[in-house]
Structures are given as C-alpha cells and as structure tokens.
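Respectively, the protein sequence lines represent chains A and B.
Read left to right, the first sequence gives residues 1 to 167 (the UniProt record's numbering).
Read left to right, the second sequence gives residues 1 to 167 (the UniProt record's numbering).
Hint data in this document are derived by calculation from the structure and do not stem from the laboratory.
Keep in mind that the hints are not guaranteed to be accurate.
Since the list gives no way to pick one copy over another, a pair counts as held whenever it fits inside one copy or between any two copies.
Simulated pairs of lysine-lysine, DSS-like, Cα-Cα distance not exceeding 25 Å [said to hold, decoys possible]:
# : residue 1 : residue 2
1 : Lys-121   : Lys-4
2 : Lys-95    : Lys-164
3 : Lys-25    : Lys-72
4 : Lys-75    : Lys-164
Keep in mind the model is a prediction, meaning the values are calculated, not measured.
Here is how the chains run, residue by residue.
Number of protein chains: 2
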Amino acid sequence: MEFKEAKNKFVQTWGALGSQWGINKTMAQIHALLMISNEPVSMEDIMDELQISRGNTSMNLKALMDWGIVYKEYKAGERREFFTAEKDLDELAVKIAKERSKREIKPALKILKEVSTIEAKDSAEEKHFVDQTSKLYDFVLKADNMLDKMTEFNDNWLGRLVMKIMK
Amino acid sequence: MEFKEAKNKFVQTWGALGSQWGINKTMAQIHALLMISNEPVSMEDIMDELQISRGNTSMNLKALMDWGIVYKEYKAGERREFFTAEKDLDELAVKIAKERSKREIKPALKILKEVSTIEAKDSAEEKHFVDQTSKLYDFVLKADNMLDKMTEFNDNWLGRLVMKIMK
DNA sequence: TTAAACTTTCAAAAATAAATGAAAGTTTAT
DNA sequence: ATAAACTTTCATTTATTTTTGAAAGTTTAA
C-alpha cells in the first residue's frame with residue numbers, strides 16, 4: 001500500500017468510527033487528517049483534501065476546538081490560520097471523556113436521580129421501577145467517577161490502569 | 001412526579017442517550033421499557049406503549065436479542081411471545097462492550113495495523129504518519145484489552161475497578 | 001478608513017438513517 | 001392438512017442529520 005492510499009483509508013475509517021460513536025463524520029475526518037499531519041494545516045487544505053465546503057469545514061473546526069482537541073496556530077508572515085490536533089493520545093482520550101461526561105452523562109444522571117426518587121406507593125411495578133433506576137443511577141455515577149479519576153492521573157493512565165487490572 | 005410521568009421521562013432519556021452513542025432511539029427505548037418492567041412484556045404492549053409500528057418493534061427486538069441483552073420468554077398457556085431485558089447492570093455493560101468491540105473496535109484495529117505498516121520511505125510526512133498510526137494502534141489495542149479484562153471479572157467489576165483506581 | 005483576505009452563519013438542499021405497514025412467512029392446536 | 005394467531009421482511013415513506021454556499025461578518029495591512 002502506498003502512502004496516499006493508506007492516508008485516505010485512515011481518514012475514512014476514523015470518520016466511519018466517529019459516526020458510530022455519535023460524532024459526525026466530517027468532524028472525525030478533519031481530526032484524523034490533523035492527527036497524521038506533521039505540520040499545521042490551513043482551512044483551504046482541509047477543504048481540498050476532504051472535498052467539503054467552507055462552511056462545513058469552519059463549523060467542524062469550531063466544534064473540534066470547543067472540544068479542546070484541535071488548536072489554532074498562526075504562522076509568522078501568514079494571514080491565514082492554521083490548525084493542529086492534540087496528538088498525545090492520553091490527553092485526547094481524557095478530553096473526549098470529559099466532554100462527553102459533561103454533555104451527556106451529567107444531564108442523564110440528573111434525570112435518573114429525578115425519576116428514581118418518586119414515591120413508590122405500594123404496587124410491585126412502581127417498586128421495581130424505583131429499584132431499577134436507583135441501581136442505574138449508582139452504576140452510571142460510579143462509571144462517571146471512574147472517568148474523572150482518569151483525568152487525575154498525570155501520564156499514561158491507560159497503561160497504568162491495564163497494569164492494575166491485570167493485578 | 002407521578003409514576004407514569006417518571007416512566008415516560010426515563011424511556012425518552014434512555015432513547016436520546018442511545019442515539020448519542022450510536023444506538024438507534026427505538027432500540028434504546030424498547031430496552032429502557034423492558035429494564036423497568038417487572039414482568040415480561042408482549043410485542044403488542046411495546047408497540048402500544050411506545051407508539052411504534054409492528055415492523056419497527058420486531059426489528060429492534062431482534063437487534064436487542066442479537067446483542068444478547070434482551071430475552072424471549074414463553075408463558076404457559078400463551079401463544080404470544082414475551083420479552084425481558086438483562087437487568088443485571090454489570091452483565092449488561094459487559095455484553096455491550098463485547099458487542100461493540102467485535103463490531104467496531106476489532107475491524108478498526110485491522111485497518112490501523114494495515115495503514116501503520118506501510119513502508120515509510122524517507123519523507124518526514126510519511127514517517128510521522130507511520131509513527132502516529134502505530135501509536136494509535138497500540139492505544140486502541142490496550143483499551144480493547146481492558147474491555148476484555150472486564151468480562152473476566154465475574155461480579156461487580158466496576159466497583160472493584162473503582163477501588164483499584166482510587167488506590 | 002478602506003478594501004482585500006479571510007472566517008462564520010444559517011436557511012435551504014442533500015444525504016442518511018429510521019419507521020411504516022402490507023404482504024410473506026411461521027408456528028401451533030385441532 | 002388447515003386456518004388462526006402470531007412474527008418477520010423489505011420496498012416505500014418519513015424524519016433526522018449533515019452539508020452547502022451565498023451573504024454577513026471580521027480582521028489586518030497600508
């Protein structure tokens with residue numbers, strides 16, 4: 001396989017993976033492109049490489065910057081803006097985890113708490129509902145706290161975690 | 001909040017959460033409904049409760065059964081089939097993790113291996129590509145193995161894991 | 001200040017994913 | 001074997017999400 005083919009395959013795969021995990025295809029593809037680029041890339045280049053519109057590129061770059069996994073860079077003597085991706089994978093995973101926790105898990109926990117604390121009266125059905133949603137609340141809270149813990153580890157938390165799990 | 005309202009809120013929230021994580025809304029809603037039901041539910045009841053068509057219900061129940069998180073049940077003297085959800089949350093998490101690993105992570109790893117083993121020639125650009133995709137391969141492999149480890153823990157792996165992380 | 005060079009926004013269009021429902025397929029009791 | 005009772009399939013429709021691109025907005029150098 002030659003370089004250009006491999007590069008394309010990687011960008012496509014990363015894009016497809018993104019959509020399966022609730023991140024839009026273009027956003028994932030731009031991120032992929034920046035990840036494997038050894039120097040900052042201009043918006044023009046991204047549009048050209050991925051064959052997407054200016055608006056789409058702009059919106060998704062903004063989203064990636066909101067997630068904190070893509071940075072703007074300025075080159076001396078250049079009017080245009082350039083972009084780079086967070087390339088450290090531990091850092092990347094932590095940022096994605098934090099963002100999804102904030103956007104999705106925290107609001108879900110709020111709802112779970114609400115519904116699990118209704119007064120259960122005496123029907124078996126209602127008792128089961130309260131029991132099950134309470135358990136779910138505890139589970140999700142525990143999982144979310146685990147994500148928080150990851151962010152406290154300074155370096156290579158994944159490797160260290162695997163070590164611990166293996167005993 | 002009364003029971004009916006809480007129940008509805010839970011089902012809607014679970015459905016929305018599902019779509020954010022690449023699982024279709026109805027599939028997640030059916031699962032939610034079965035999770036909080038203290039007894040097996042018929043297809044008719046699911047259709048009625050969620051206001052969805054027979055075909056949709058059937059397809060998504062099948063998908064849930066393929067994932068191994070919903071079971072068919074037969075009631076004595078009843079022609080109809082009933083359904084129940086896996087209610088043990090550890091078991092549920094393990095099954096979902098296994099399934100997503102099989103469907104998404106394993107194929108992605110295959111591609112990552114392919115593209116990271118191209119011959120890098122001498123350009124800095126190609127060297128960076130190979131370096132970055134190799135690192136990504138290692139990272140994803142490690143994360144996937146972590147999921148595997150979870151499944152080996154017999155009971156309450158999440159609780160134990162949190163204990164370990166906390167030191 | 002101005003205008004060139006660039007970026008962002010957002011209503012409309014296109015692409016994608018999900019849902020419908022009628023027809024085909026199964027199963028089971030008699 | 002039959003028909004009633006039920007489930008599944010899949011071509012079509014509907015809903016949702018993403019993309020486009022022209023217009024509006026912004027920044028910078030002179």
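Here is what the structure says about each hint:
1. Lys-121 / Lys-4: Only across copies: Lys-121 and Lys-4 sit 12 Å apart there, 65 Å inside one copy, limit 25 Å.
2. Lys-95 / Lys-164: Both: 22 Å inside a chain and 22 Å across chains, each within 25 Å.
3. Lys-25 / Lys-72: within (21 Å within a copy, 36 Å between copies)
4. Lys-75 / Lys-164: neither (44 Å within a copy, 46 Å between copies)
When held up to the earlier numbered hints, the structure conflicts with hint 4 and nothing else.
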